[in-house]
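S.K.: With the hints as your guide, set chains B and C onto chain A.
Chains as they are written, first to last, in my numbering: chain A, 178 to 473; chain B, 10 to 357; chain C, 98 to 429.
There may be inaccurate statements among the hints.
With a straight-line Cα cutoff of 27 Å, these simulated DSSO-like cross-link-like pairs (lysine-lysine) come out [as the list claims (entries may be wrong)]:
id: 1; chain 1: C; residue 1: 119; chain 2: C; residue 2: 246
id: 2; chain 1: B; residue 1: 339; chain 2: B; residue 2: 27
id: 3; chain 1: C; residue 1: 174; chain 2: C; residue 2: 152
id: 4; chain 1: B; residue 1: 232; chain 2: B; residue 2: 120
id: 5; chain 1: B; residue 1: 92; chain 2: B; residue 2: 120
id: 6; chain 1: C; residue 1: 119; chain 2: C; residue 2: 297
id: 7; chain 1: A; residue 1: 198; chain 2: C; residue 2: 246
id: 8; chain 1: A; residue 1: 266; chain 2: A; residue 2: 356
id: 9; chain 1: B; residue 1: 232; chain 2: B; residue 2: 163
id: 10; chain 1: C; residue 1: 119; chain 2: A; residue 2: 356
id: 11; chain 1: C; residue 1: 297; chain 2: A; residue 2: 356
id: 12; chain 1: C; residue 1: 246; chain 2: A; residue 2: 356
One side only, chain C facing chain A, incomplete, derived with CB under 8 Å [said to hold, decoys possible]:
id: 13; residue: 158
id: 14; residue: 199
id: 15; residue: 211
id: 16; residue: 217
id: 17; residue: 218
id: 18; residue: 221
id: 19; residue: 267
id: 20; residue: 421
Counterexamples of contact, computed for chain C against chain A with all Cβ distances above 10 Å [to be verified]:
id: 21; residue: 184
id: 22; residue: 187
id: 23; residue: 197
id: 24; residue: 266
id: 25; residue: 365
id: 26; residue: 383
In case anyone wonders, no lab produced these hints; they're calculated from the structure.
Just so you know, even glycine gets a beta-carbon here, dropped at the ideal spot from N, CA and C.
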Amino acid sequence: MKNSTVRIVRNILDDLWRFLKIMAHNKVGFIGFLGIIGFILLTFVGPYFVPLSMDTQITKIYKPPSAEHILGTDFQGRDIWMQIVHGGKDVLIVAFLTGVISTTIAVTLGSLSAVLSGWFDWIIMWITDIFLTIPNFPLLAVIAVFVKLTNVWALALILSLLAWPSLTRSVRAQVLSLKQRDYVEAARTLDLGIRHIIFSEILPNMMSYIAISLVFSMTSAIYAQVALVFLGLVPFASNNWGVMLSLSWARGALYYKDSLLNIMAPVMAIAFFQLALVWMTRSLEEIFNPRLRTSV
Amino acid sequence: MNTEPVRTSPKEIGKGPKETVLRVDDLWLEYRARRGMVKAVRGVSFDLRRGEALALIGESGSGKTTLGLGLVRLLPRTARVVKGQVIYSRMGQEYDVLSLSKNDLRQFRWKECAMVFQSALNALNPVLRVSEQFADTARAHNMSGGGEAQERAKELLRLVQLDPDRVLRSYPHELSGGMRQRVLIALGLLLDPQIIILDEPTTALDILTQRAVIDVLRSLRDKVEFSLVFISHDLSLAAELADRVATMYAGTIVENGDVFEIFEHPRHPYTEGLIHAVPTVTGELEQLSSIPGSPPDLIELIPGCKFHPRCPYVTQRCREEEPTLVEVSKGHFSACYNWTQVGRTHGQ
Amino acid sequence: MDNKPTLIELQQIGRSFRVGNKSVQAVDGISFTINDGEILCLVGESGCGKTTTGKMIAGLLQPTSGKMLYRGQDLEKIKQQDYRSYRLAVQIVHQDPYASLNPAHTIQDILSAPLLRHNLARNREAARDRARELLQIVDLTPPDDLLDKFPHQLSGGQRQRVSVARALTVNPSFIVADEAVSMVDVSIRVSLLNMLTNLKNTLGVTFLFITHDLALAKYFAWEGRIAVMYLGRLVEIAPTPQLINHSRHPYTQALLAAIPEADPRLTRSKQRVQLRSLDIPSLLNLPSGCTFHPRCPRFEAGLCDKLSPTLVDVGNGTQVACHVVARETGAK
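Chain A with its partners taken away, still in its complex shape:
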C-alpha cells in the first residue's frame, strides 16, 4: 500500500520533471512560464505577506521608491506595491475563467460544426455571423449598464459570450483542415465513430492550437476587463489594476514626474502579465508535439 503511493508520487514527479524539461526547451517560452508562475504567486500568495491598508496618509503622498515603499506611494499616500499585489487576483481569475469558458464553447461548437456539417453547421455559423457583426465593446458597455458586474463569474460569463464566436470560427477552420487528413479518413472507413474522430484523432493534434487560443482569449479578456473598469462601467467594488489605473488617471497622475509610478505600475503589471502569457505559448507549442515528448 505504502509502496504504491510512493510509486504514484514518483510518477507524478517524473511527469513534472519531463514537463519542465520540455517547457525549458524553448527559452523564451520558459521565461514566460516562470513569469506566469511569478504572477500567480504574487497575486494569490502575496496578499498573505503584504497586509492591505487603504487608509489615506496625507504625509506620504507621491513618495518616490524607498526601502519602505518599493514602488513609492499614490495620491493618497498609500503603498503602490501593496496595491499591485492585492489588485491582480480579480484580473487573473476573470481572465482565466473567460479563457476556459470561451475556449470550451468554441472547441465544442467549432469541432461539432466542422465534423457534422449540414444544418448544425449552418445554424452555428449563422449565430456566429450575427455576433461578429455586432460591435463588441459598445455591446459590453450597454450590458454593463443593466447587469451588476460585481461578481467575477458574471463578468467572465459576459466576456465569454462575446469571445466565443470568433474562436469558434477559427476552431472550425482548423478542424475542417484536419478532417481531410488521411488518418481521419482511415478512422472513417474503420467506422470508429464521431466521438473517437473528434476526441482521439482531431483534438490531440490541435491541442497546441487550443492552448494558444486559450491564452489569447485570456489576454483579450484582460483588456476588456480593465477597459470596463477604467471607463467606470464596472463598480469599483474591489481593488484591482483597472481601478488603480482609472483613479490615478482621474487624478492626472500622468502629468507629474512624481506620480508617474502611480499610473505606470498597473500598466506595467498588465503588460508584463500579457507578455508572459504570449511568451509561454511558445513552450505550449512544443508541449503538445509528440516528437518532442518522446525525444526528451
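M.R.: Coordinates of chains B and C only, in the frame set by chain A:
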C-alpha cells in the same frame, strides 16, 4: 502506328577524354538537426568532364540533396562544410566555390553553373511574367534585360520545345508543371553555363510530361555543349540520360562508372540491389527483390561499411572498416571489399 | 474470366465537384467489376480521377451519378446494418506514410482503437496481442519493439506497413491501396508489394491498386487486370500481360512508350509514340468527343472530335474505348 525510332546510343565515348570542368575533392558536409549533427556528405570525390552527363543516384538518407546544394554553395544556415573542395575550371583557370567571395559567388551561380530545383513552381517568382524572369536574370549579370536577352530567351524556349510568344507573356501559374520545368531549364541556360545541376528533374511530373522533359534535355545536349549533373532517386532517369552513374549511400559515393557498366555489371551490392528492386514495364514478369533493412542513420553512424547490415555479401572486415573507392575496371570504381562476389547471386 | 463471385460492381459511376460556380466532372460514367480475390490496378496520370474512384469505392465519397453494387446489393438501397458491414469490408491504405498515421498516438493505440470499437478484442490486453499478430502479418518483426513507438519514430516503409495492419484490424475483404508504395524508397517497394500479394494469397484479400506507375502495376497485378483512366474516363481495361504487351488504346500505347526504364539499352531503344500535342486539357474545359483526340496520333476528324467512344469488347478479355480500334476489330 505512328512511331519513330530514336537514338540508341549515348554520346559516343572514345572521342578522347575531355577536360575536367568540375572536380569535387574529399567533400564533407554536415548540418544540425534536433537529434544531433547529420553527416550528410562524407568524403565525396568525383570529376565531371566537359559535355558529360553524370547521374547521382540515391534514396532517402543518401545525402544526395545536401551534396547538390553544396556544389553550388546553397547550403542552409544550419549546414557547414567540414572540409574538402569543389573546384570549377574554365579556360585553364581553377577556383574553389567554397572559398569564393559573396560577389564572385553570385556571378558564378548562373554563369558557370545553373541549378534547377525540384519544385519548379517555387523556383519561379509568381508575380513576374516569364519574360521578366529572363530579363531579371540577365540584368543581374550585367547583360541588358532588353533586346539581346529577349532574343536569347526566345531561342532557348524554342530549344526546350515551348512556344516563346505564348510562354514569355505568361505568369508561372498559367503554365503546367512540365512547362515550368522546361522554362527553368531554359532560364538556366541563359548565361551559357558550363554545368547544369538538376535536382529530381522529373519527380512529380506526369509520365508523358516527364518524357517531354527527358527528350528536351537529350536534344539540348546535342545542340549546346554543357555538362549535366542530375540528382535523382530514379534509376530509369539515369538509364535514359546519363553517361556516367554514381550511386550514393549514407553520404558517400559507393560506386561510380559508365552507365552501361553500372547497369549491366554492378560491382557494389547496393547498386546491384537497387537494380534488382525496380521493375521494368516492357516484357514479361521479372524476379525482383527488395534490399532488406532500413535506410541508414546519418546522425549515429555505424562502424565499418554503412551498408553492411543490409548486405548479402557481408564479411567480418565490412563490420570493422569502411571501404573506399577502388578501380575495379577501367573507369569503374566500387567501394566494396567483396566486389568480385557482386553479381554472382542474381546472375544476369 | 474466372468464376469467382463479383465483389464490387460499378455501373456508370460519376462524380462531379463544384469549383467556383462551375461543375467539374472528375469521374465520368465508369463501369467495371472487381471479383473476389482479384487484383485490379487503376492506372492514370494526376487528375484522371483514379483517386476519386477509389474513394467512392471505399465509401468516403458519394457518387453523383450511377450505381454501385456490393455483393450484388445496390448501395443506395442497402439497409443501415448492411451498409456498415460494407464500410468495414472495404478499407483504404493511403499514399503518404507521413500523413496516414495520427502523430499523437502510439502504434499500439492506432491498432487497438478499431479492435476495441468493434469488439474484435475483449480488452486492452487482447488488443495488444492481436496488434502484435497483425504487425507480424505485415512483416514488422519483432512487433514488441514497435508497439509503443510513435509514427515519427518509424521509417516510411514501416509506417506503410502499420497502415496496412490497421486496415487489417477489421478483417476486410477488400483493400483500396491508393499509391500505397509510391512514396517509399525504391529499394524497399518490392517487399511491400510482396507483402500485399501475400495478404491476397493467405487471407484472400481483394485489391484495388491505384497507381501512376505502370511498371509497379505490372509487377503487382501480373495475374490480375489493369484499368487505364484518362481525364475521368476509363479508356482501356485488360488482363495485365495483355495490356502491357498488346495494349490497344492509343493513350495506353503512348504511356507505355514514354515510360523510362531502369535499363539503359532497353530504354534508349524504345519505340516512341509521337503525340500531336503535349498540353493536357483542363477538366474545366474538356475537349469534345473523345477527350484524348487533341493529342491522339490516330485522330480522325469528324469522328473522334464528335462522338464520345464507349468501352467495347475487342477480345482477349480487353475492353477499349476508341472508335478507331473498335472499327478495326469489328467490335460493336
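S.K.: Against this structure, judge whether each hint is valid.
M.R.: Structure-based check of each hint:
For the suggested pair residue 119 of chain C and residue 246 of chain C, the alpha carbons sit about 46 Å apart, so the restraint of at most 27 Å is broken. The straight-line distance between the Cα atoms of residue 339 of chain B and residue 27 of chain B is roughly 16 Å, inside the 27 Å bound, and the hint therefore holds. Note on residue 174 of chain C and residue 152 of chain C: the hinted pairing holds, with a Cα-Cα distance of about 19 Å set against a maximum of 27 Å. Restraint check for residue 232 of chain B and residue 120 of chain B: the C-alpha separation of about 18 Å stays at or below 27 Å, so the hint holds.
Taking the CA atoms of residue 92 of chain B and residue 120 of chain B, the gap is near 25 Å; set against the 27 Å cutoff, the hint holds. A C-alpha spacing of about 42 Å is found between residue 119 of chain C and residue 297 of chain C, which places the hinted pair above 27 Å, so the restraint is violated. Under the criterion of a C-alpha separation no larger than 27 Å, the hint pairing residue 198 of chain A with residue 246 of chain C is consistent with the structure, at around 20 Å. A hinted pair counts as satisfied when its Cα atoms are at most 27 Å apart, and residue 266 of chain A with residue 356 of chain A does not qualify at roughly 40 Å.
Distance check on the hinted pair: residue 232 of chain B and residue 163 of chain B sit about 15 Å apart at the alpha-carbon level, within 27 Å; holds. With a C-alpha separation of about 25 Å, the suggested pair residue 119 of chain C and residue 356 of chain A falls inside the 27 Å cut-off, and the hint holds. Under the criterion of a C-alpha separation no larger than 27 Å, the hint pairing residue 297 of chain C with residue 356 of chain A is inconsistent with the structure, at around 31 Å. Proximity of residue 246 of chain C to residue 356 of chain A is assessed by CA-CA distance (about 24 Å); at most 27 Å being required, the pair is judged to hold.
Restraint check, residue 158 of chain C versus chain A: the minimum CB separation of about 10 Å is more than 8 Å; hint violated. Evaluation of the residue 199 of chain C hint against chain A yields a held restraint, the C-beta minimum of about 4 Å falling below 8 Å. Hint status for residue 211 of chain C: holds, given a least beta-carbon distance of 4 Å to chain A, under 8 Å. For residue 217 of chain C, the interface hint is violated, the least distance from its beta-carbon to any beta-carbon of chain A being 11 Å, above 8 Å.
Annotation: interface hint on residue 218 of chain C violated; nearest CB of chain A at approximately 14 Å, more than 8 Å. Proximity of residue 221 of chain C to chain A is violated relative to the hint, the smallest CB-CB distance being about 15 Å (cut-off 8 Å). Hint status for residue 267 of chain C relative to chain A: holds, with the closest Cβ pair at about 6 Å, below 8 Å. Here the hint on residue 421 of chain C is broken, as its CB sits about 40 Å from the closest CB of chain A, past 8 Å.
Annotated as non-interface, residue 184 of chain C brings its C-beta within 10 Å of a C-beta of chain A; the closest such distance is 5 Å. Not every CB of chain A lies more than 10 Å from the CB of residue 187 of chain C, the least distance being 7 Å, so the non-interface label is violated. Not every C-beta of chain A lies more than 10 Å from that of residue 197 of chain C, the closest at about 4 Å, which undercuts listing it as non-interface. Non-interface status of residue 266 of chain C relative to chain A is broken: a Cβ of that chain comes within 10 Å, the nearest being about 7 Å off.
Distance to chain A confirms residue 365 of chain C as a non-interface residue, since its nearest Cβ pair spans about 39 Å, more than 10 Å. With a least beta-carbon separation of about 26 Å from chain A, residue 383 of chain C lies farther than 10 Å from that chain, consistent with its non-interface assignment.
Checked against the numbered hints listed earlier, the structure breaks hints 1, 6, 8, 11, 13, 16, 17, 18, 20, 21, 22, 23 and 24; every other hint is satisfied.
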